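**Student:** Here the protein sequences come in this chain order: A and B.
Here the first sequence is numbered in the numbering used here, starting from 10 and rising by one per residue.
Here the second sequence is numbered in the numbering used here, starting from 10 and rising by one per residue.
Keep in mind that a hint or two might mislead.
Which copy? The list can't say, so a pair holds if one copy fits it or any two copies do.
With a cut-off of at most 20 Å between alpha-carbon atoms, the simulated SDA-like pairs for lysine to any residue come out as follows [claimed, not checked]:
1) Lys134 <-> Asp98
2) Lys34 <-> Asp98
3) Lys52 <-> Asp64
4) Lys169 <-> Asp131
5) Lys52 <-> His66
6) Lys107 <-> Ser84
7) Lys52 <-> Asp23
8) Lys107 <-> Ser35
9) Lys134 <-> Phe41
10) Lys107 <-> Arg38
I should point out that these hints are in silico values taken from the structure, not numbers from a laboratory.
The structure displayed is predicted, hence computed values, not measured ones.
Below, each chain spelled out in residue letters.
Number of protein chains: 2
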Amino acid sequence: MASERLEPLERLTDMFRRLDGVGKKSAMRYAFCVLNFTDDEAKAFAEAILAAKSDIHQCSRCQNITAGELCPICSDERRDTGVICVVEDPRAVFAIEKTRQYGGLYHVLHGTISPARGITPDRLKIRELLTRLQTEEVSEVILATNPTVEGEATAMYIAKLLSPLGIQVSRIANGVPVGGDLEFTDEVTLRRAMEGRYLL
Amino acid sequence: MASERLEPLERLTDMFRRLDGVGKKSAMRYAFCVLNFTDDEAKAFAEAILAAKSDIHQCSRCQNITAGELCPICSDERRDTGVICVVEDPRAVFAIEKTRQYGGLYHVLHGTISPARGITPDRLKIRELLTRLQTEEVSEVILATNPTVEGEATAMYIAKLLSPLGIQVSRIANGVPVGGDLEFTDEVTLRRAMEGRYLL
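Okay, chain A solo, but in the shape it has when bound (with noise of 0.2 Å):
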C-alpha cells in the first residue's frame, strides 16, 4: 500500500534509470526534479521526448540521425564528397564536426560488431556503405570507430570488405591525448604514441 501512493514517482524513477549511466539516485533525483517543473515545463519536456522520437530518423545517405530526408551534412555543397569518415555513432559525427577540421562526408555505422552482444556485421549499416561506394565517387574511407576493442575490430572488419574496392582507407591515429599525462597514459597508448611518432 505504502508503494501505491507514490507509484508516480516510481514509474518516472524507472524510466530515468533506462537512460545510459542513470544509476537509482540520479534517476530517483531526476524524478524529484521533475516534480518541481512547472506544469509547463513538465508538458514541454514529455513534448520534446514524443517529438524526437517520431522527428528524428536517419539520413537516407549516410545514416546519421536528422530531421529530414537528408541530414545537413549530406546537404550541405560545399562538403567534399569524396571522402567518408566511418563512425559508430551520431554522438562521434557531433565531436568531429566540432573540431571544425574535417570537410568531408560520414557514415554511421550505429554499433559495434560484438560477437558477446550477439551484434553481427549485418546489424550495423555496412551494406549502407557499401552501396554508397558503388554508386558515389570516394576516393577515401576514414575508419574513426573507437579505439576499443569492438571499435578496433570493426575498423579492421571493415577495412578488409573494402580492399578489394581500391579505395584508400585509413584509420584515425592513437596516441597520447593533448593535455594528457605521459605518467597517467597506459601501456598500449604510449606504445602507439612512440609508434606514430612524426618528423618535426
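Dock chain B against the given chain A, drawing on the hints supplied.
**Tutor:** Structure of chain B alone, referenced to chain A:
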C-alpha cells in the same frame, strides 16, 4: 538551417539540462538514449512525467510528497505520533526510512532558509509545522536538516522558534561517517566527532 534539422533533439537536450546536475554532455547522451527507445518506451516516459506532475502532491499533514491525501507514513497507525523529524526535502525522508530505525513522523520543509537565494522562512513549511505542534501531541522535534551552512541556520532558526513551546528539540549528530577515514575527514567534522564522543 543546419540546426533546424535537429531541433527536436536540441529541445529534448535542453529539457534534460534542466535536471539537477545534468551538464551538456550528459543531456545529449540522454537525448540519444531516448532516440533508441521503442515508441512504447518513449510514450511511457512522456506519460510518467505528466503523471508524476499531476498525481503527486504534498501530504496535508507532513508535506511529504504523496499520491494520496495523507502520505503512507502519516496514515500508518503504527508510527509514533509523538516525535516529528524535520527534514529539508522528501529525499531525506527516503534516506531516513531506509535505516528502518526511526518510527516517528516527519515534517518536510521543502527547502532551507537562504537569504542569498531569496528563500525566507515564510517560503518553507514552517507555519505548517507550528500548526501541527499546536494541534498534535508532540513531545520531541528532531531537526534533521542537512549539515550545511543553510541546513544549520534553518535548524537554529526553528529551534529558537520552538523554544517557548516547551517541546524537546534535538539536532542530528555530526561525526565521522561509518566506513570513513579520519585522514580524509575535514577538520570541522572531526572536531564535531571529538566533541560528540561517547563513553564506552
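**Student:** All the hints need checking, so say for each whether the structure fits it.
**Tutor:** Here's how the hints hold up against the structure:
no. : hint              : in the structure
1   : Lys134 <-> Asp98  : within (11 Å within a copy, 48 Å between copies)
2   : Lys34 <-> Asp98   : between (28 Å within a copy, 15 Å between copies)
3   : Lys52 <-> Asp64   : both (17 Å within a copy, 14 Å between copies)
4   : Lys169 <-> Asp131 : within (15 Å within a copy, 70 Å between copies)
5   : Lys52 <-> His66   : between (23 Å within a copy, 17 Å between copies)
6   : Lys107 <-> Ser84  : within (18 Å within a copy, 55 Å between copies)
7   : Lys52 <-> Asp23   : both (19 Å within a copy, 14 Å between copies)
8   : Lys107 <-> Ser35  : between (29 Å within a copy, 17 Å between copies)
9   : Lys134 <-> Phe41  : between (39 Å within a copy, 18 Å between copies)
10  : Lys107 <-> Arg38  : between (31 Å within a copy, 16 Å between copies)
The structure is consistent with each of the numbered hints, conforming to all of them.
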